[in-house]
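Work the whole structure out from these sequences, hints included.
Counted the way our numbering counts, the sequence shown spans residues 33 to 126.
No wet-lab data here; the hints were simulated from the structure.
Where a beta carbon is used, it is the ideal one built from N, C-alpha and C, also for glycine.
Mimicking SDA-like on lysine to any residue, the simulated pairs with C-alpha atoms at most 25 Å apart in a straight line are:
| no. | residue 1 | residue 2 |
| --- | --- | --- |
| 1 | 36 | 69 |
| 2 | 54 | 85 |
| 3 | 54 | 64 |
With beta-carbon atoms standing in for the labels, derived distance ranges:
| no. | residue 1 | residue 2 | range |
| --- | --- | --- | --- |
| 4 | 70 | 116 | 23 to 29 Å |
| 5 | 101 | 78 | 29 to 35 Å |
| 6 | 80 | 38 | 28 to 34 Å |
| 7 | 93 | 51 | 27 to 33 Å |
| 8 | 78 | 118 | 14 to 20 Å |
| 9 | 38 | 61 | 15 to 21 Å |
| 10 | 36 | 87 | 14 to 20 Å |
| 11 | 48 | 91 | 27 to 33 Å |
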Amino acid sequence: SRRKIVPTVIQKNMCEDFWVWKDVFDRDDITRSEHGISQSTIYQSGEEPNTCYVVMQIESISKLHSYNEKFLSTGKSIEAGIITSENTVCHDVT
33 SRRKIVPTVI
43 QKNMCEDFWV
53 WKDVFDRDDI
63 TRSEHGISQS
73 TIYQSGEEPN
83 TCYVVMQIES
93 ISKLHSYNEK
103 FLSTGKSIEA
113 GIITSENTVC
123 HDVT
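Shown next, in the form of structure tokens:
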């Protein structure tokens with residue numbers, strides 16, 4: 033039998049100030065949970081400190097899109113100082 037594949041998203045964010053972005057991200061944990069996003073890990077770029085990568089387990093791609101829309105519509109992306117953000121959905125095949 034095959035195990036259930038849980039999608040993982042790797043989100044690359046370029047922001048004005050990493051620590052401002054991280055504060056907004058940390059305060060948004062309940063909203064992420066409500067949208068089926070769990071187990072997030074943040075990596076800060078060693079070469080560009082205002083670029084970070086967030087690795088998250090997601091329930092579904094549609095819930096991820098719903099979360100992203102809410103993050104934009106509530107002004108949190110502006111508050112966080114996000115310049116660009118890119119999501120890549122991956123599946124663990126190990």
